[in-house]
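Chains as they are written, first to last, in my numbering: chain P, 89 to 372; chain Y, 89 to 372.
Just to be clear, a hint being listed does not mean it is correct.
[To be verified] Stretch by stretch, here's where chain Y covers chain P in the computed footprint (C-beta under 8 Å, at least three residues):
1. 277-291
2. 303-315
3. 324-336
4. 351-357
5. 365-371
Everything labelled a hint here was simulated from the structure, so no lab data went into it. These figures come from a predicted structure and were not determined experimentally. For every residue, glycine included, the Cβ atom is placed at its ideal position computed from N, Cα and C.
Number of protein chains: 2
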Amino acid sequence: MRELLFNNVTIIGVGLLGASCALALKGRGLCGTVCGYGRKEANLRQAKDRGIIDEYSLEIRKACEHADLVILSTPVGSFKKIVREIRDVLKKNTLITDVGSVKGHLVKELEELMPEGVRYVGSHPIAGSDRSGIGNARADLFDGVSCIVTPSACSEKNAVQQITTLWESCGANVEIMDPMRHDEIYAAVSHLPHLIAYALVNTVDDSNAEYLKYAGPGFKDTTRIALSSPEMWRDISLLNRNNLIALIERFGNNLDIIASMIRNADAEGLEHEFSKARTLREKC
Amino acid sequence: MRELLFNNVTIIGVGLLGASCALALKGRGLCGTVCGYGRKEANLRQAKDRGIIDEYSLEIRKACEHADLVILSTPVGSFKKIVREIRDVLKKNTLITDVGSVKGHLVKELEELMPEGVRYVGSHPIAGSDRSGIGNARADLFDGVSCIVTPSACSEKNAVQQITTLWESCGANVEIMDPMRHDEIYAAVSHLPHLIAYALVNTVDDSNAEYLKYAGPGFKDTTRIALSSPEMWRDISLLNRNNLIALIERFGNNLDIIASMIRNADAEGLEHEFSKARTLREKC
Numbered sequence: 089m090r091e092l093l094f095n096n097v098t099i100i101g102v103g104l105l106g107a108s109c110a111l112a113l114k115g116r117g118l119c120g121t122v123c124g125y126g127r128k129e130a131n132l133r134q135a136k137d138r139g140i141i142d143e144y145s146l147e148i149r150k151a152c153e154h155a156d157l158v159i160l161s162t163p164v165g166s167f168k169k170i171v172r173e174i175r176d177v178l179k180k181n182t183l184i185t186d187v188g189s190v191k192g193h194l195v196k197e198l199e200e201l202m203p204e205g206v207r208y209v210g211s212h213p214i215a216g217s218d219r220s221g222i223g224n225a226r227a228d229l230f231d232g233v234s235c236i237v238t239p240s241a242c243s244e245k246n247a248v249q250q251i252t253t254l255w256e257s258c259g260a261n262v263e264i265m266d267p268m269r270h271d272e273i274y275a276a277v278s279h280l281p282h283l284i285a286y287a288l289v290n291t292v293d294d295s296n297a298e299y300l301k302y303a304g305p306g307f308k309d310t311t312r313i314a315l316s317s318p319e320m321w322r323d324i325s326l327l328n329r330n331n332l333i334a335l336i337e338r339f340g341n342n343l344d345i346i347a348s349m350i351r352n353a354d355a356e357g358l359e360h361e362f363s364k365a366r367t368l369r370e371k372c
Numbered sequence: 089m090r091e092l093l094f095n096n097v098t099i100i101g102v103g104l105l106g107a108s109c110a111l112a113l114k115g116r117g118l119c120g121t122v123c124g125y126g127r128k129e130a131n132l133r134q135a136k137d138r139g140i141i142d143e144y145s146l147e148i149r150k151a152c153e154h155a156d157l158v159i160l161s162t163p164v165g166s167f168k169k170i171v172r173e174i175r176d177v178l179k180k181n182t183l184i185t186d187v188g189s190v191k192g193h194l195v196k197e198l199e200e201l202m203p204e205g206v207r208y209v210g211s212h213p214i215a216g217s218d219r220s221g222i223g224n225a226r227a228d229l230f231d232g233v234s235c236i237v238t239p240s241a242c243s244e245k246n247a248v249q250q251i252t253t254l255w256e257s258c259g260a261n262v263e264i265m266d267p268m269r270h271d272e273i274y275a276a277v278s279h280l281p282h283l284i285a286y287a288l289v290n291t292v293d294d295s296n297a298e299y300l301k302y303a304g305p306g307f308k309d310t311t312r313i314a315l316s317s318p319e320m321w322r323d324i325s326l327l328n329r330n331n332l333i334a335l336i337e338r339f340g341n342n343l344d345i346i347a348s349m350i351r352n353a354d355a356e357g358l359e360h361e362f363s364k365a366r367t368l369r370e371k372c
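Bound-form chain P, shown alone (with noise of 0.2 Å):
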C-alpha cells in the first residue's frame, strides 16, 4: 500500500473538481478519510452514496476540525469567508490549498487570514471545464494536466513539496509560479476568452436569437465556454479585475484595427492580421 499524504481530507465544494480530487486521492489511497462540505445536502448525499467522500457536514466548521488538508474548491470569491469561518476550529499543521483560477493578490490575503501553525499553498489544477457537478467528476482528471502551484515568499519550503507531492501523485504535472504572473498569463489565455465567448453568444442574441439554429462547428467551439458556471467566472471575473481591464482595451484594439480594415476595404491588411494570428494558432 502507498504512504498516505493526508489523513484526514475536507473538501469544500463537492463539484467537478472537488469530487475529482477525491476520486483521485482515493482511488490511489493517498487519504484517509475524505470529509465533504456543500450548501446542498442532495448533492453530498449522492457523493457519499456514489463512493466519492466517506462522509460529509452541512456544518463547514465541523467538516473542517480534523482535517490534514483542506482543498478549497467553491467559486473564488468564497475562499476568504471561508477562511474566516474555519480557522479557529483547524488543527495546527493543517495545510490549504484550493483549486481556483485566480490567484495574485488573493494568495497575500488568504496567508494573512491563516492562525498560527495554518499553512496556505494555492493551487490551479488546469482542468476545469464548461461541464461541471459530480456526474462529470473523475479519478483520473488530473492525468497529464498541468497544475501550477503559487507559492508566495512566505510560504514554507514543506508545505509546498506536500502540495506539489499531493498534484503529482493524483497524475498532474506541476509548475511552480508566483501569484502575480499566474494572474496575467491566465487572463490572457482564459479569463479573457470566457468574457468574449459569453459577450459573443449575447450579439446573436441582440441580432435574432433564431439565428443560434444557424451555428456550425466553429460558432460552437467557439462559445462552448459560454456553458461555464456564470457563478464562478463572476467570481474570477472580478478577482483578476485590472489584468481583464487591461486586457479588453487590447482585444478592443484589435478589433478595432480588423474593423478600420474592413472599413477601408484593406484587403491586405486584413489577410496580413488573419495570417499573424493563424501562425500563433498553429504553435499551441
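Once you've looked at the hints, dock chain Y against the given chain P.
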C-alpha cells in the same frame, strides 16, 4: 445506375470543398467527367492521381468550355473575375453555383454577369472548416450538413431545383434562403466569430506570445477557427462588410457592458450577463 445529374462538371478551385464535391458526385455516379481548374499544377495533378478529378486544365477557359455545371470553390472575392473570364466560352444552359460563405449583393452582381442562357444559383454548404486542402476532402463531407441555397427573385425555378437536387444527392439538407438574410445570419454565427478568434490570438501576442504555451482546451476551442485560411476570410470580411461593421460595434457594446461591471464590482450584473449567455448557448 443512377441517372446523371450533370454530364461535365468543372470545379474551379480544388481545395477542401471543391475536391469533396468532386468525390461526392463521382462516388455516387451523379456526373460524367469532372474537370478541375486551379493555380497550382501540383495540386491538380495530385487530385487527378488520387481519382478526385478526371482531368484538369491550367487554363480556366479551357476547363469550362464543355461544362454543364461549374462549381466556384475559390475564395469568394475571386468569383466575379472568374465569371468575367469564362462567360463567353460557356455552353448555353450551363449552370453555375458556388460554395462561398457570402451571398447578399454578390448574388445579384454575379447574375448580371451571366451570359444569355447561363444560370447562376448560389449555394453555401455549411461544411467549411479550419482544415483545408484536398488532403482533408471526403466523399461524405456533405452528409447530413445544411446547405443554404440562395436564389434571387430572378432565378429560374428549374435551375433552383437542379441545384437543390445536386446538394440533396450529395447528402446535404437544403434550405432555401434570401441572399441578404443569409449574410445577416452568417455574419452573426460565423463571420464575426472568426474575426474575434483572430483578434483574440493577436491580443495574447500583444501581452506575450509565450503565454500561449499555457493555453488549455478552452482557449484552443475558442480560437480553433483562427487556423482558417486568411485569404478566404479576408474576402468574406470585405464582402459582408456592412453586416460585420454593425456586429463588431454590437459585440463591442456587450464587452463594454462586462468591462463596466468588472470596473464597478457589479457581481450581480456579471452573473446576469453570463447566465443569459449560458442559457442561450444551451439552445445551440
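Results of checking the hints against the structure:
1. 277-291: Since three or more residues must qualify, the claim that chain Y covers the region 277-291 of chain P holds, with 14 doing so at under 8 Å.
2. 303-315: holds (count 13)
3. 324-336: holds (count 7)
4. 351-357: Result for this restraint: holds, n = 3.
5. 365-371: holds (count 6)
Checked against the numbered hints listed earlier, the structure breaks none of them; every hint is satisfied.
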